[in-house]
Amino acid sequence: MKLKGKVWKYGDDINTDVIFPGKYTYTISDPEEMAKHSLEDLDPAFASGVSKGDIIVAGKNFGCGSSREQAATCLKYAGVGAVVAKSFSRIFFRNAINAGLPLIQSADAPDNIKPGEVITIDFEKGKLTCEQGVFTFPPLPEEVMGILQSGGLIPYTRKLLGTE
Amino acid sequence: MGFTFAEKILAKKSGRDKAAAGEIVTVTPDRILSHDNAAAISRIFQKLGRNKVVNPDKIVIILDHCVPAANEKYALNHKEIREFVTEQGIKGFYDVGTGICHQVLPERGYAFPGLLILGSDSHTTTYGAFGAFATGIGRSEAAVLWATDHLWLRVPETYRIEVEGTFPRWVSAKDLILYIIGELGADGALYKAVEFCGPTIEKMSIAGRMVLCNMAVEMGAKIGYVPPDEKTFHWLGPRVRENYEVITSDPDAAYERVIHYKVSNLLPQIACPHQVDNVKAVYEVSGTKIHQALIGTCTNGRMDDLEVAASVLKGKRIAPGVRLLVFPASLEVYREAWVKGDLLQLAEAGAIIMNPGCGPCLGAHEGVLAPGEVCLSTANRNFRGRMGCRDASIYLASPATVAASALKGHITDVQSL
Chain S
1 MKLKGKVWKY GDDINTDVIF PGKYTYTISD PEEMAKHSLE DLDPAFASGV SKGDIIVAGK
61 NFGCGSSREQ AATCLKYAGV GAVVAKSFSR IFFRNAINAG LPLIQSADAP DNIKPGEVIT
121 IDFEKGKLTC EQGVFTFPPL PEEVMGILQS GGLIPYTRKL LGTE
Chain Z
1 MGFTFAEKIL AKKSGRDKAA AGEIVTVTPD RILSHDNAAA ISRIFQKLGR NKVVNPDKIV
61 IILDHCVPAA NEKYALNHKE IREFVTEQGI KGFYDVGTGI CHQVLPERGY AFPGLLILGS
121 DSHTTTYGAF GAFATGIGRS EAAVLWATDH LWLRVPETYR IEVEGTFPRW VSAKDLILYI
181 IGELGADGAL YKAVEFCGPT IEKMSIAGRM VLCNMAVEMG AKIGYVPPDE KTFHWLGPRV
241 RENYEVITSD PDAAYERVIH YKVSNLLPQI ACPHQVDNVK AVYEVSGTKI HQALIGTCTN
301 GRMDDLEVAA SVLKGKRIAP GVRLLVFPAS LEVYREAWVK GDLLQLAEAG AIIMNPGCGP
361 CLGAHEGVLA PGEVCLSTAN RNFRGRMGCR DASIYLASPA TVAASALKGH ITDVQSL
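Line order of the protein sequences matches chains S and Z. Under this note's numbering, the first residue of the first sequence is numbered 1, with each subsequent residue one higher. Under this note's numbering, the first residue of the second sequence is numbered 1, with each subsequent residue one higher.
Just so you know, these hints were derived from the structure itself, not from any lab. Be careful, since some hints might not be right.
Subject to a maximum C-alpha distance of 25 Å in a straight line, what follows is the list of computed DMTMM-like cross-link-like pairs (lysine to aspartate or glutamate) [stated by the list, open to error]:
hint, chain 1, residue 1, chain 2, residue 2
1, S, K86, S, D43
2, Z, K12, S, E142
3, Z, K8, Z, E242
4, Z, K79, S, E142
5, Z, K73, S, E33
6, Z, K13, S, E142
7, Z, K8, S, E142
8, S, K36, Z, D391
9, S, K86, Z, E183
10, Z, K73, S, E32
11, Z, K47, Z, E23
12, Z, K408, Z, D304
13, Z, K73, S, E142
14, Z, K203, Z, D304
15, Z, K280, S, D12
16, Z, K13, S, E143
17, Z, K52, S, E164
18, S, K86, Z, E256
19, Z, K47, S, D30
20, Z, K47, S, E33
21, Z, K12, S, E143
22, S, K36, Z, E72
23, Z, K79, S, E33
24, Z, K18, S, E143
25, Z, K73, S, E40
26, Z, K47, S, E164
27, Z, K47, S, E32
28, S, K6, S, D54
29, Z, K8, S, E143
30, Z, K73, Z, D57
31, Z, K18, S, E142
32, S, K159, Z, D149
33, Z, K18, Z, E332
34, S, K86, Z, E157
35, S, K9, Z, D391
36, Z, K47, S, E143
37, S, K86, Z, D57
38, S, K125, Z, E23
39, Z, K231, Z, D250
Work out the full structure: start from the sequences and follow the hints.
Have a look at this one:
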């Protein structure tokens, strides 16, 4: 799996309240509608400006706070191809994989990537290429990769249950 | 070398002889918790192609996030859940008014030592106060658990936090956990199990231990945990009918870090906008005008909290221009505070006594903020937009600090009263 996309760059500790505000958690259930509110309280220009395949690059602890799955779903349906961060909050990590949204954890890459530049990610080789150079990242654990490769937890589980 | 609590309990729940930090295991939980998001979970469950949940007796659903319903959408959401629990024969269902899930679950005997509790809510970590391994998961994962009874978990490394000393007057567990989060940072315990122990924790009330475990997730922790003791067993006594196994870390367990704190000189602490780890001593921001004060939530809506607030406000009157909202964490707490007179004292001081539930903590209803307003809350999160408005500010502190500040109309060091 290879990915090429334009970068939206953010800082540390981006929490799920600014990714998808709590006031919508029980009033919006359509994922396309969720996408329209993605990053609403962090960057009001994001939802209208994001294109399919764009990549979010951020600092440490991306997705901290509430367990709300819509924080991953809204980014997925907004067209985000992957999120690159120095570290991820654990529930967001799970939710993103379960939604089929790839995550790349890299301590060094984020500081070397500029907003708006185009980067490429090669998941098989574990390589991220940006203007500043090439950064490597470790593969996801096998169990986790299996979910991602099935397109998320729901298709993965249907396969397991034989209810495809 | 011995094993940590996290390693021992995850080995047991995955049917293995042993498990080591860093390994991925497939576990079978003892409880699967959800709340108002159970409607969304039931819709995902239906996509899995199964008609019946595997084990209805493991499922606990408590309506708390927007109760009573604020509008038709919330009302429909609740209705969908009621119909689902009836159809599936789920007995562990608690309707509007019972209280916040993280209070009701222990009160009704669902949380005790040695259990693995997975909940579609980040503050599921609270049950570590009773010696359970309890952590948050997503909605899809809850649906998959309903259908399969299995989920993968990574065995976390463990931090041991040892606390000694006696709290100064008006200083409590909330000040301690805010101080720790301020020191370690919002990712200071990311993916880790955090054990709280030492003489201060041994002396601490169950409510205080719940505050620590509740907010452990605000520094990224997978679980908070307090080793169960006589106080735990006494609290659980009338509530739990089953026998339970106490699981604790071995004396020679391998901790990734051991951190020591002393509380004897700890000052009242406050988390400033818009990050939980932006922590200062209250005196550093005293004088900041507040428009709303909130006492409640899964962090601080218990008897201990209402009692201390009532003791600050008894016979006095809150400042003009401040709205003080009080949300008892559960019906049980509400009744006790009613009978003991704390609610009357708070109401006479000018508080609005609200129904048990999450209130405006997540910005859905019952006291959301307007642009430019400042709220001082006993809750656990102060992120931008959290209480319904992007341009409002939220500070987090103890019930004593919130009560003292409501009295003065601005952020106030309770020790200066």
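Hint-by-hint comparison with the structure:
1. S/K86 x S/D43: 20 Å, holds
2. Z/K12 x S/E142: 22 Å, holds
3. Z/K8 x Z/E242: The given pair, whose Cα atoms are some 21 Å apart, holds under the 25 Å limit.
4. Z/K79 x S/E142: 40 Å, violated
5. Z/K73 x S/E33: Holds, because 15 Å separates the two Cα atoms, which is no more than 25 Å.
6. Z/K13 x S/E142: 21 Å, holds
7. Z/K8 x S/E142: It holds: about 23 Å lies between the C-alpha atoms, which stays within 25 Å.
8. S/K36 x Z/D391: 20 Å, holds
9. S/K86 x Z/E183: Status holds; Cα separation ~20 Å.
10. Z/K73 x S/E32: Between Z/K73 and S/E32 the Cα gap is close to 18 Å, so the pair holds against 25 Å.
11. Z/K47 x Z/E23: 30 Å, violated
12. Z/K408 x Z/D304: Roughly 22 Å between the alpha carbons, so the hint for Z/K408 and Z/D304 holds.
13. Z/K73 x S/E142: 40 Å, violated
14. Z/K203 x Z/D304: 14 Å, holds
15. Z/K280 x S/D12: With a Cα-Cα distance of about 20 Å, the restraint between Z/K280 and S/D12 holds, given a limit of 25 Å.
16. Z/K13 x S/E143: Satisfied, since the Cα-Cα distance of roughly 18 Å is no more than 25 Å.
17. Z/K52 x S/E164: 17 Å, holds
18. S/K86 x Z/E256: Given that 25 Å is the threshold and the Cα spacing comes to 21 Å, the pair holds.
19. Z/K47 x S/D30: 15 Å, holds
20. Z/K47 x S/E33: Roughly 20 Å separates the two Cα atoms, so the pair holds.
21. Z/K12 x S/E143: 20 Å, holds
22. S/K36 x Z/E72: Holds: S/K36 and Z/E72 sit about 22 Å apart, inside 25 Å.
23. Z/K79 x S/E33: Status holds; Cα separation ~23 Å.
24. Z/K18 x S/E143: 19 Å, holds
25. Z/K73 x S/E40: With a Cα-Cα distance of about 21 Å, the restraint between Z/K73 and S/E40 holds, given a limit of 25 Å.
26. Z/K47 x S/E164: Status holds; Cα separation ~10 Å.
27. Z/K47 x S/E32: 18 Å, holds
28. S/K6 x S/D54: Holds, at roughly 5 Å.
29. Z/K8 x S/E143: 21 Å, holds
30. Z/K73 x Z/D57: With Cα atoms ~28 Å apart, Z/K73 and Z/D57 exceed 25 Å; violated.
31. Z/K18 x S/E142: 20 Å, holds
32. S/K159 x Z/D149: 16 Å, holds
33. Z/K18 x Z/E332: Measuring from Cα to Cα gives roughly 40 Å; hence the hint is violated.
34. S/K86 x Z/E157: The hint holds at about 19 Å.
35. S/K9 x Z/D391: 22 Å, holds
36. Z/K47 x S/E143: Measuring from Cα to Cα gives roughly 22 Å; hence the hint holds.
37. S/K86 x Z/D57: 40 Å, violated
38. S/K125 x Z/E23: 23 Å, holds
39. Z/K231 x Z/D250: 21 Å, holds
When the structure is compared with the earlier hints, violations turn up for hints 4, 11, 13, 30, 33, 37 and for no others.
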